[in-house]
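*Asks:* Okay, here's what each chain looks like letter by letter:
Number of protein chains: 4
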Amino acid sequence: MALKWSADEVFEFLRAEFPQALRDGVNYEVVKLEPEEAHVRLVAGDQQLRPGGTVSGPAMMEMVDFSIYVLLLAHHKEAARLAVTTNLAISFLRKPQPGPIVAQIRLIKHGRTLTVARVDIISEVDGKLVASSEATYFMGN
Amino acid sequence: MALKWSADEVFEFLRAEFPQALRDGVNYEVVKLEPEEAHVRLVAGDQQLRPGGTVSGPAMMEMVDFSIYVLLLAHHKEAARLAVTTNLAISFLRKPQPGPIVAQIRLIKHGRTLTVARVDIISEVDGKLVASSEATYFMGN
Amino acid sequence: MALKWSADEVFEFLRAEFPQALRDGVNYEVVKLEPEEAHVRLVAGDQQLRPGGTVSGPAMMEMVDFSIYVLLLAHHKEAARLAVTTNLAISFLRKPQPGPIVAQIRLIKHGRTLTVARVDIISEVDGKLVASSEATYFMGN
Amino acid sequence: MALKWSADEVFEFLRAEFPQALRDGVNYEVVKLEPEEAHVRLVAGDQQLRPGGTVSGPAMMEMVDFSIYVLLLAHHKEAARLAVTTNLAISFLRKPQPGPIVAQIRLIKHGRTLTVARVDIISEVDGKLVASSEATYFMGN
Numbered sequence: 361m362a363l364k365w366s367a368d369e370v371f372e373f374l375r376a377e378f379p380q381a382l383r384d385g386v387n388y389e390v391v392k393l394e395p396e397e398a399h400v401r402l403v404a405g406d407q408q409l410r411p412g413g414t415v416s417g418p419a420m421m422e423m424v425d426f427s428i429y430v431l432l433l434a435h436h437k438e439a440a441r442l443a444v445t446t447n448l449a450i451s452f453l454r455k456p457q458p459g460p461i462v463a464q465i466r467l468i469k470h471g472r473t474l475t476v477a478r479v480d481i482i483s484e485v486d487g488k489l490v491a492s493s494e495a496t497y498f499m500g501n
Numbered sequence: 361m362a363l364k365w366s367a368d369e370v371f372e373f374l375r376a377e378f379p380q381a382l383r384d385g386v387n388y389e390v391v392k393l394e395p396e397e398a399h400v401r402l403v404a405g406d407q408q409l410r411p412g413g414t415v416s417g418p419a420m421m422e423m424v425d426f427s428i429y430v431l432l433l434a435h436h437k438e439a440a441r442l443a444v445t446t447n448l449a450i451s452f453l454r455k456p457q458p459g460p461i462v463a464q465i466r467l468i469k470h471g472r473t474l475t476v477a478r479v480d481i482i483s484e485v486d487g488k489l490v491a492s493s494e495a496t497y498f499m500g501n
Numbered sequence: 361m362a363l364k365w366s367a368d369e370v371f372e373f374l375r376a377e378f379p380q381a382l383r384d385g386v387n388y389e390v391v392k393l394e395p396e397e398a399h400v401r402l403v404a405g406d407q408q409l410r411p412g413g414t415v416s417g418p419a420m421m422e423m424v425d426f427s428i429y430v431l432l433l434a435h436h437k438e439a440a441r442l443a444v445t446t447n448l449a450i451s452f453l454r455k456p457q458p459g460p461i462v463a464q465i466r467l468i469k470h471g472r473t474l475t476v477a478r479v480d481i482i483s484e485v486d487g488k489l490v491a492s493s494e495a496t497y498f499m500g501n
Numbered sequence: 361m362a363l364k365w366s367a368d369e370v371f372e373f374l375r376a377e378f379p380q381a382l383r384d385g386v387n388y389e390v391v392k393l394e395p396e397e398a399h400v401r402l403v404a405g406d407q408q409l410r411p412g413g414t415v416s417g418p419a420m421m422e423m424v425d426f427s428i429y430v431l432l433l434a435h436h437k438e439a440a441r442l443a444v445t446t447n448l449a450i451s452f453l454r455k456p457q458p459g460p461i462v463a464q465i466r467l468i469k470h471g472r473t474l475t476v477a478r479v480d481i482i483s484e485v486d487g488k489l490v491a492s493s494e495a496t497y498f499m500g501n
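Protein chains in written order, with the numbering used here: chain A, 361 to 501; chain B, 361 to 501; chain C, 361 to 501; chain D, 361 to 501.
Think of the hints as simulated: they come from the structure by calculation, not from any bench. Do not rely on the hints blindly, as some may be mistaken.
Stated by the list, open to error - Per label pair, the in silico range of CB-to-CB distance:
1. B:D406 / A:H470: 31 to 37 Å
2. A:E438 / C:A376: 33 to 39 Å
3. A:H470 / D:E438: 32 to 38 Å
4. C:H470 / B:G471: 29 to 35 Å
5. D:T473 / B:G487: 36 to 42 Å
6. B:E397 / A:H470: 39 to 45 Å
7. C:H470 / D:T473: 37 to 43 Å
8. C:R466 / B:G471: 24 to 30 Å
Unchecked claim - Cut-off 20 Å, straight-line C-alpha distance, at most; resulting in silico cross-link-like pairs (SDA-like, lysine to any residue):
9. A:K437 / A:K488
10. A:K488 / D:E438
11. D:K455 / A:V462
12. B:K488 / C:R466
13. A:K455 / D:R472
14. D:K455 / A:A367
15. A:K469 / D:Q457
16. B:K364 / B:E389
17. A:K469 / C:R466
18. C:K469 / B:E389
19. A:K455 / A:M499
20. D:K488 / D:R466
21. D:K469 / A:H470
No experiment lies behind these values; they were computed from the predicted model shown. Where is the CB? At the ideal position from N, CA and C, for every residue including glycine.
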């Protein structure tokens, strides 16, 4: 199933419809966008950091949700607006080094109503896995 | 085990050490604080809302993490700084009505190294359960 | 929404269709069955015990899945056969005392396609919460 | 960190200490055992099957817990007896084809007190991912 929107088209939609996801100081960049996989990079702003300069847990959870939504938008265009997150689970494995982090998403189920994605969050500084997450999305009819 | 800090003392610490958790437009209020249970109320700011005025999923996840941390600080004072979230799981059950939401936390395990809390997020407008969460915290030595 | 089957009718169906759930040595008893809530009691057999006589983790996970299925059958009769578990999460809080345990289920969402249940597993011996679980079921069309 | 026990030594221990995990009709086989990764194969017995011959959800949850425990035993020998599962989450993605399934475990954190493993359950018949799981183990002191 080919993607229907490019990363630029997804961001154009987000800027218009969900400006708070791209608010000041939240700097997401899509570095890979394929039908089953996407990589989204975050250079965290002050509000997303903890003392010591590491990205906060809530910023990582927001990043997981955001990154999956980007891929759903690339697949379904505006119709993905109907997608709702039903479950999200995350394990925090180690504090990331100060610096950018990358969310690597893989769709492990992409059904008519339910989509499940697995997300690895990697520190770009040392390549280590800092968090592991899985989330389910429901697209009603 | 009695609490060592009041809500005011907890917030004083947070304002000094984690100012980004209490950044502009994020209005948390502790409405109940007991050894096993706490209620934290959020009047969401613009950045935490979705179209239609409902609180966003990421804002609810941040609220879960924040609320449990408040209770850990009330128990352990500065030492809770060493607590790290190891797992967080959340189910989103229904979109909240526009308006305040309340996180009702209950400690279901409070061990020497591991603490587990269950969190109900309730819409203050209609009293409905909008999300159910559970998180685990590790306090090293 | 009133229940359509009694506990006896549910077990009659299970004995015919899922005999392995009620195999030798697995002794479930429904002690409460209401539209939003059910209590299921287990006197574990040898295969479900760990050294020391405590119920094993896998036996508790099976009990969670079984108990929710009992309530779905009571609601939907044979049609619940189409229900599939999509997610199950469990936290093990403390080892149960040797003796019976009870799963207390509460439906926190019962929608047309998705049902979410929260389950407390309690030791009957000392009344303590030994595990906390949440599971989601999908009933397709 | 090299493994201290072979698969045979692990099973010898299990047969003596946890015979119910290897009860009649539960046929696990370790097909790969490395410090960070293990593959465990299951030819399910009657009690682990659902109508249609597919492996049941509870059998897969038991398999996840069992497989991780095998790897912990290979690492820590009898001392792994002190390991307790603290959390386990699983998503069921599709019904497996009738036939053997394989649990592919990867340790994503192996700390002094907490170990986190991610488990893919694959149908050997068609190679498809049927379930995705993650579990946390605590080894006290």
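*Asks:* Evaluate each hint against the coordinates.
*Replies:* Here is what the structure says about each hint:
1. B:D406 / A:H470: 31 to 37 Å: 33 Å, holds
2. A:E438 / C:A376: 33 to 39 Å: Violated: the Cβ-Cβ distance is about 48 Å, outside 33 to 39 Å.
3. A:H470 / D:E438: 32 to 38 Å: Hint violated: Cβ distance 44 Å, outside 32 to 38 Å.
4. C:H470 / B:G471: 29 to 35 Å: At roughly 34 Å between Cβ atoms, G471 (chain B) and H470 (chain C) fall inside 29 to 35 Å, so the hint holds.
5. D:T473 / B:G487: 36 to 42 Å: 40 Å, holds
6. B:E397 / A:H470: 39 to 45 Å: 40 Å, holds
7. C:H470 / D:T473: 37 to 43 Å: 39 Å, holds
8. C:R466 / B:G471: 24 to 30 Å: With Cβ atoms ~25 Å apart, the hint holds.
9. A:K437 / A:K488: Violated - the C-alpha atoms of K488 (chain A) and K437 (chain A) are around 33 Å apart, more than 20 Å.
10. A:K488 / D:E438: 30 Å, violated
11. D:K455 / A:V462: 32 Å, violated
12. B:K488 / C:R466: Given that 20 Å is the threshold and the Cα spacing comes to 15 Å, the pair holds.
13. A:K455 / D:R472: Status holds; Cα separation ~16 Å.
14. D:K455 / A:A367: Not OK: K455 (chain D) and A367 (chain A) at ~34 Å, beyond 20 Å, violated.
15. A:K469 / D:Q457: Answer holds: K469 (chain A) to Q457 (chain D) is near 16 Å, not above 20 Å.
16. B:K364 / B:E389: 18 Å, holds
17. A:K469 / C:R466: 28 Å, violated
18. C:K469 / B:E389: Cα-Cα ~28 Å, so violated.
19. A:K455 / A:M499: 34 Å, violated
20. D:K488 / D:R466: 18 Å, holds
21. D:K469 / A:H470: 28 Å, violated
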